[in-house]
Amino acid sequence: MNAIEVQGICKSYKNYRLSDVTFQVPKGYITGLIGPNGAGKSTIIKAIMGLVKPDQGSIQVLGHGAEQGEGRYKQEIGYISDESIYYDWLSMEQMKKIIAPFYPAWDETAFQRYMELFELPLRKKIKDCSKGMKMKYAIAIALSHNPALLIMDEPTAGLDPVFRRELLELLAEYILDDQKTILFSTHVTTDLDRIADYVTFLNRGQLIFSDTKDGVLERYVLVKGGKELLDNDVRREFVGVRETGIGFEALSADRGGTVSMFGDSVMYQQPSLEDIMYFTVKEARLRV
Amino acid sequence: MSEILNLVRKDFILQRRYIWIIALYVIGFSGLFMNSNLNMLYGLLPGMMLILVVSSDMRQANQQFLVTLPVKRSRLVLSKYVTSILFVLLALATCSIVNMGMSLYHSHSASIDYTMLLASLISVLVLMSIYLPLYYWLGIHGGQYLNVAMMMLVMLGNGAVSGIASEYDFTNMSTWLNSHPVGSIALGVSSLLLIIVISYLISVRIFKGRDL
Amino acid sequence: MNILLSHSSGEPIYWQIAGQIRSAILQGELAPGAALPSIRQLAKDLQISVITTKRAYDELEKEGLIDSVVGKGSFVSGGNQEFIREQQMKQLEKQIRELLDGCHSISVSTDQLIEWIRLLDQEGGK
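One line per chain: the protein sequences are A, B and C, in this order.
Residue 1 is where the first sequence starts when you use the working numbering, and the numbers rise one by one after that.
Residue 1001 is where the second sequence starts when you use the working numbering, and the numbers rise one by one after that.
Residue 2001 is where the third sequence starts when you use the working numbering, and the numbers rise one by one after that.
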């Protein structure tokens, strides 16, 4: 079962375009949408939320078509934008009063609990809040209507490390229910990559991969070795190579092949998602 | 239906911050302190309210907020028309009360300048029917210029409307009106409604195609 | 039972979890029939992904050490005492092999090793 199905999305802008992006967000799991700035993560999320109309392709959210004019399917979504989208001259209490009636499942007790947990003063005006507080407020609002799907665009931007950890805890608690799904986008992969079940990687508007995180991490391997081992044929085996005066570091997307090719002559390491992102993005830049 | 109510309620919450400005304006031009003519109320207040209502969620971020609510885009547009009309009516009701109060104060008989009221209502609703599609079409950045243009139009139109209302030779028209009371009212109301409905449909079409 | 993960050891996370639950079962710390934490609860407590945790449980289930009942959770397998004994022996055998390798690398003969073990056993028995 998939919570979201993105099918062949294309969207052209002046400076870049999303070309034929297809992926699924499985129900009951956490999916991370990763990629550098400008990869198209926000555009995809906006298309899912009906903010942006794709030129081509279709999106299904929880079994409903996510057409741009539609609203119903958003009932089940807790959306957290990368910037504050609220009327910032209102207090957090006033803003909540505007939002709550739109959601039949609104849970006022839960809302009050989150506000207390996040130490957010209800009377404070949104414009007087720090970036972190605004993000916490958005999270409190999103969780208080008990959504089946949580969509977060760069949720950790502007958050201090302490709250980032607390957020991980909250998300893990939310996903204890196997009927719930989380999709988040981020360009800082380190803090969320631990809890993500699936990873979808976009670069320059194109899908690089969409797979289980464990599968991805097992497929890739980081190789470190002496420069004399590198020639053009060898280079072609890698996703990306970083050469220095004292050796090279390279990412391979075929662990088995690489190990049988180099044997014991190089050092192997488990790459992080950040390593995978770095080498892929770097190589794509060189090719342009 | 309840979502329209919720959206209208939202607009009322948002307008609270202007309530003092409006109150001061009304008191200022009521004629209590200076010899003001009613053009400043009938002519300007409804237009001003209209602009305030529309521009309260003009920012792109706020448009995004509205679209992420579980409401169809067409309903968002509809609610904007409903609130606009409500606020125009509210403004005219305020004007009428002031008008009545002042005439009671000056001549000891409560009367309302119906010609003014009607001229103002019709012109503001026509204005709204042009303003809202433009607002959805121009979007956030153009919207600010649109507001300035609107404000100027309201000011200029104010003179024109009151000019027409006071100087136009109504004799022929009122004779015609008197001979066909039902027909003329029906014609007037239905053409006004038609204009608003067409305006709404255009706004929906524009807003549905807009990326935020 | 405690599960302690290292994110820098290079050993896959699922493998670490399976290993620690396995040794808890083999050492009798987890008795047959004992309930294991639910997959999602464990993922939450360890702050790792659900799929990784699920994989560890799948591994243990394949080995016959635990049983998973849909809707009820996972339990330490009861009907497989023989297998557990066998696993314990296997683990011991692995340790002995390591010991032998260690002895050979510093030229200690097998006889010397056996003598040594006897000696330690008597000391330990006191």
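Check before you lean on any hint, since a few could be wrong.
As the list claims (entries may be wrong) - Residues from chain A that keep clear of chain C, each with C-beta distances beyond 10 Å, as calculated:
hint	residue
1	CYS10
2	SER42
3	PRO101
4	PHE163
5	ASP197
6	THR212
7	LYS213
8	ASP214
9	GLU218
10	VAL239
Claimed, not checked - Simulated coverage check for chain B against chain A, where a stretch passes if three residues somewhere in it have a Cβ under 8 Å from a Cβ of chain A:
hint	segment
11	1007-1016
12	1124-1132
As the list claims (entries may be wrong) - Restricting the straight-line Cα-Cα distance to at most 20 Å, the calculated cross-link-like pairs of lysine to aspartate or glutamate (DMTMM-like) are:
hint	chain 1	residue 1	chain 2	residue 2
13	B	LYS1208	A	ASP178
14	C	LYS2054	A	ASP177
15	C	LYS2054	A	GLU67
Hints in this document: simulated from the structure, not taken from any laboratory.
Glycine included, each C-beta is placed from N, C-alpha and C at the ideal position.
Earlier hints that do not hold, by number = Hints 5, 6, 7, 8, 9, 12, 13, 15 are the ones this structure does not satisfy, whereas the remaining hints hold.
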